[in-house]
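Construct all of the structure, not just a fragment, from the sequences and the given hints.
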Amino acid sequence: MERKVGIVGAGVSGLLACKYILSKGFHPIVFESQSSIGGVWTKALETTKLQTPKPFYQFSDFAWPSFVTEYFPDKHVVLDYVEAYAKHFHLLNHIKFNTKVAGIEYEGPRDEEIQSWSLWGGTGEPFSSRGKWKLIAEDLNTLSTEIYQVDFVIFCVGRFSGLPNIPEFPPNKGPEAFHGKVIHSMDYAAMDDEKAAEFIKGKRVIVVGFQKSALHIAMECCSANGVENPCTVLYRTAHWHLPDYLPWGFSLAYMYLNRFSELMVHKPSEGFLLGLLATILTPLRWAYSKFVESDIKRKLHLAKHGMVPTHSFLHEISSCLTSTVPEKFYDKVEDGEIKLKKAPSFSFCDNGVMVEDETVPIEADVVILATGFKGEKKLKDMFVSQTFQNFIVGSPDAATPLYRECIQPRIPQLAVIGYSESIANLYTSEIRCRWLAELLDGTFKLPSIEETEKDVRKWDEYLKQYSGGYYRRKCIGALHVWYNDQLCKDMGWNPRRKKGLFAEFFEPYGPLDYVPS
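Quick note: the sequence shown uses the working numbering, first residue 397, plus one each step.
Hints were generated in silico from the structure; no laboratory data involved. Each hint should be verified, as a subset may be incorrect.
Below, in silico cross-link-like pairs of lysine to any residue (SDA-like), each with a Cα-Cα straight-line distance of 20 angstroms or less [claimed, not checked]: (1) LYS894 / SER647; (2) LYS686 / HIS707; (3) LYS724 / PHE468; (4) LYS530 / PHE422.
Just the calculated beta-carbon pair ranges, DEER-fashion [as the list claims (entries may be wrong)]: (5) MET887 / ALA498: 29 to 37 angstroms; (6) GLY570 / SER690: 36 to 44 angstroms; (7) GLU754 / LEU559: 28 to 36 angstroms; (8) THR767 / PRO639: 21 to 29 angstroms; (9) LEU672 / GLU752: 44 to 52 angstroms; (10) HIS484 / LYS773: 33 to 41 angstroms; (11) GLY622 / ASP589: 16 to 24 angstroms; (12) PRO563 / GLY622: 23 to 31 angstroms.
Cβ atoms here follow ideal geometry from the backbone N, Cα and C, with glycine treated the same way.
Printed below as a string of structure tokens:
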């Protein structure tokens with residue numbers, strides 16, 4: 397009997413899941429709430445470019461077209477590449493567009509029995525004759541609802557879309573107190589180029605946030621208004637935004653994306669010798685970080701602008717917070733077109749925003765909140781069952797508990813792809829989808845729930861050690877080779893993918909290293 401696999405989302409992770417599920421003879425049904433594929437790329441700001449060097453953001457079996465020569469292609473080129481991949485592997489026929497999954501419900505053993513299991517799904521198998529998932533799907537065109545029953549569910553909903561994170565404010569000090577307009581960056585990105593330009597033209601704009609979206613919106617405000625109406629950027633924490641990937645002319649990939657660099661970091665389940673080596677190499681790890689930091693400070697004149705972060709670059713890359721700063725961003729700061737304002741907290745007043753410990757408001761006509769998304773809540777709300785909601789969120793003082801960043805061992809017949817971050821999310825999602833396809837095909841089984849939860853706790857300890865307060869982002873950026881090693885071993889692959897000892901330890905690992913031999 398043909399197994400049906402429901403895939404929620406047709407972004408990059410959803411397309412990869414569909415492709416590899418098909419390769420094992422299963423029947424994928426992809427649900428996409430938008431009218432096209434591409435996920436976050438379909439709603440990216442006009443000025444958005446690829447943040448990851450192109451060689452690290454590619455499908456292992458589908459090369460970039462030869463005419464794409466830019467190292468960081470713009471959003472249109474990236475979207476064309478993703479669409480070409482979907483067409484090449486005939487994935488579009490499996491996608492139900494304009495269809496939103498409102499919730500999923502497990503039809504099988506009762507919660508009491510599920511909580512007593514010692515193996516994933518009760519038997520350790522990915523499928524069960526006793527249980528299926530019911531997906532409640534809404535057609536956004538006809539507003540009708542249809543129920544689908546599938547043998548397995550894969551969430552590919554991502555964490556940077558859908559449910560905006562709006563800061564909480566004291567009574568009468570939130571957006572309702574402001575006489576201007578307040579929107580989230582998601583709403584700004586959803587506007588077409590002409591409407592977005594009109595929205596900010598001639599306005600005093602405040603952008604709240606200091607990550608990729610905030611920086612790009614600030615640059616678009618500069619293009620629209622210049623120095624006549626400077627854009628104010630409110631930020632809590634300065635970050636090590638990269639001017640390029642060549643600190644002092646040396647490739648960042650050779651510093652942080654190879655096996656040697658990971659010898660300097662304490663790893664989950666590393667053993668005594670590797671732990672000792674990571675401790676011995678601590679001074680070198682510190683030197684690496686200072687080397688990159690000094691180059692960023694030099695090129696962007698961070699000290700002059702009071703924007704030198706207090707944390708290390710290793711902390712930045714371990715939290716997947718690295719991004720390239722838009723070209724000439726700090727030139728705009730120098731010229732007065734962008735004003736940077738540190739604001740640990742702020743509130744609204746009738747004519748703008750009031751920064752903590754200051755008595756004069758920053759006047760504005762428009763406030764754009766580039767304050768991220770509620771990824772955990774979006775994941776939690778997909779479940780009808782309160783029990784499964786609690787399982788997927790986990791402990792309040794731990795990150796979302798996913799074994800191999802894919803499986804919640806107490807939720808049967810379900811996986812999550814694309815939630816945990818890395819330096820190159822396409823590359824990481826692809827090897828996860830291959831791992832999951834092999835799991836569904838019976839190539840290997842998961843350990844007991846006790847063992848998987850022990851492994852999850854070890855990774856959580858690593859995240860807290862190196863990511864600090866950003867541990868919930870579940871970033872494997874500084875350990876992507878070690879992480880991929882675990883997946884390779886599960887699948888029965890040789891984790892050593894290079895030719896020769898020098899290449900194995902010092903050359904960067906990328907998507908093409910995991911092409912099946």
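Results of checking the hints against the structure:
1. LYS894 / SER647: holds, 19 angstroms
2. LYS686 / HIS707: Given pair LYS686, HIS707 holds - Cα atoms ~11 angstroms apart, limit 20 angstroms.
3. LYS724 / PHE468: holds, 16 angstroms
4. LYS530 / PHE422: holds, 18 angstroms
5. MET887 / ALA498: 29 to 37 angstroms: Since MET887 and ALA498 have Cβ atoms about 34 angstroms apart, the given range 29 to 37 angstroms holds.
6. GLY570 / SER690: 36 to 44 angstroms: The hinted range 36 to 44 angstroms holds for GLY570 and SER690, with Cβ atoms some 41 angstroms apart.
7. GLU754 / LEU559: 28 to 36 angstroms: holds, 31 angstroms
8. THR767 / PRO639: 21 to 29 angstroms: holds, 25 angstroms
9. LEU672 / GLU752: 44 to 52 angstroms: Holds - the Cβ-Cβ distance for LEU672 and GLU752, about 45 angstroms, lies within 44 to 52 angstroms.
10. HIS484 / LYS773: 33 to 41 angstroms: holds, 35 angstroms
11. GLY622 / ASP589: 16 to 24 angstroms: holds, 18 angstroms
12. PRO563 / GLY622: 23 to 31 angstroms: holds, 29 angstroms
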